[in-house]
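Student: What follows is the residue order along each chain.
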Amino acid sequence: KNQVEQSPQSLIILEGKNCTLQCNYTVSPFSNLRWYKQDTGRGPVSLTIMTFSENTKSNGRYTATLDADTKQSSLHITASQLSDSASYICVVEGSQGNLIFGKGTKLSVKP
Amino acid sequence: GAGVSQSPRYKVAKRGQDVALRCDPISGHVSLFWYQQALGQGPEFLTYFQNEAQLDKSGLPSDRFFAERPEGSVSTLKIQRTQQEDSAVYLCASSPGSWGNTIYFGEGSWLTVV
Numbered sequence: 009k010n011q012v013e014q015s016p017q018s019l020i021i022l023e024g025k026n027c028t029l030q031c032n033y034t035v036s037p038f039s040n041l042r043w044y045k046q047d048t049g050r051g052p053v054s055l056t057i058m059t060f061s062e063n064t065k066s067n068g069r070y071t072a073t074l075d076a077d078t079k080q081s082s083l084h085i086t087a088s089q090l091s092d093s094a095s096y097i098c099v100v101e102g103s104q105g106n107l108i109f110g111k112g113t114k115l116s117v118k119p
Numbered sequence: 015g016a017g018v019s020q021s022p023r024y025k026v027a028k029r030g031q032d033v034a035l036r037c038d039p040i041s042g043h044v045s046l047f048w049y050q051q052a053l054g055q056g057p058e059f060l061t062y063f064q065n066e067a068q069l070d071k072s073g074l075p076s077d078r079f080f081a082e083r084p085e086g087s088v089s090t091l092k093i094q095r096t097q098q099e100d101s102a103v104y105l106c107a108s109s110p111g112s113w114g115n116t117i118y119f120g121e122g123s124w125l126t127v128v
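Sequences listed follow chains A and B, in order. Here the numbering used here runs 8 ahead of the position in the first sequence, where the first position is 1. Here the numbering used here runs 14 ahead of the position in the second sequence, where the first position is 1.
If you're looking for bench data, these hints aren't it; they were derived computationally from the structure. Wrong hints could be hidden among the right ones.
Label-pair restraints from in silico Cβ distances [what the hints assert, rightly or not]:
| # | chain 1 | residue 1 | chain 2 | residue 2 | range |
| --- | --- | --- | --- | --- | --- |
| 1 | B | Gly54 | A | Asp75 | 39 to 45 angstroms |
| 2 | B | Arg78 | A | Glu62 | 40 to 46 angstroms |
| 3 | A | Pro37 | B | Val128 | 42 to 48 angstroms |
| 4 | A | Lys25 | B | Gly86 | 42 to 48 angstroms |
| 5 | A | Pro37 | B | Gln98 | 33 to 39 angstroms |
| 6 | B | Glu66 | A | Lys9 | 30 to 36 angstroms |
| 7 | A | Thr78 | B | Gln94 | 22 to 28 angstroms |
| 8 | A | Thr28 | B | Leu69 | 33 to 39 angstroms |
| 9 | B | Pro75 | A | Asp47 | 24 to 30 angstroms |
Interface residues of chain B toward chain A, partial, derived using beta-carbon atoms under 8 angstroms [stated by the list, open to error]:
| # | residue |
| --- | --- |
| 10 | Val33 |
| 11 | Gln55 |
| 12 | Pro57 |
| 13 | Asn65 |
| 14 | Ala67 |
| 15 | Asp77 |
| 16 | Phe79 |
| 17 | Phe80 |
| 18 | Leu105 |
| 19 | Gly120 |
| 20 | Gly122 |
Remember, it's a predicted structure, so these values are computed and weren't measured experimentally. C-beta: ideal position from N, C-alpha, C; glycine also.
Please model the entire structure based on the sequences and the hints provided.
Tutor: Below you can see the structure in the form of structure tokens.
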């Protein structure tokens with residue numbers, strides 16, 4: 009069964025600290041992996057899209073990595089800010105164009 | 015508008031009532047998706063349109079759910095005889111094409127069935 013598992017479920021960090029969110033998937037065949045940020049009460053916003061041939065991709069203070077062999081991805085946030093508080097959702101697109109969403113990691117950045 | 019627009023943003027329905035949720039995708043976007051998001055969960059796929067054609071409706075949970083996009087732009091998700099388990103955020107998303115394109119989400123329609 010195609011699944012996307014994210015960990016941790018929730019995370020609290022202090023402003024200015026770094027953190028790493030994990031995503032494991034079993035989707036096969038695989039087309040690409042996406043990370044979305046979803047603020048409370050808002051729709052998800054795309055952070056990165058990576059194909060299986062890409063190992064790392066950055067978007068400002070966000071850096072996503074992908075290991076297609078082990079079917080693992082991570083999202084690293086550097087020098088966190090209060091505005092980073094949100095849910096981060098890992099999404100895998102299968103070769104048929106279907107998107108499988110993880111449940112998300114809820115990040116809280118405290119001052 | 016510049017983004018995906020959904021209305022109403024909030025809807026409280028009495029159990030058994032029919033509701034209609036509207037989505038205005040980004041102009042020119044071919045693909046349109048509907049997702050259901052329960053509290054604390056990731057979005058779950060409901061249905062997908064390519065222009066006016068509904069290519070995948072495998073995620074619709076029951077025959078009470080119906081979606082249409084008659085002219086290939088605006089879409090409506092209709093829920094008949096609402097039940098409490100239908101309470102969720104309904105997200106609409108659009109993209110320029112399929113496979114690998116960035117998908118843009120609306121802010122969602124929050125449905126509460128009482």
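Student: Looking back at the hints listed earlier, which ones does the structure fail to meet?
Tutor: 1, 7, 10, 13, 14, 15, 16 and 17
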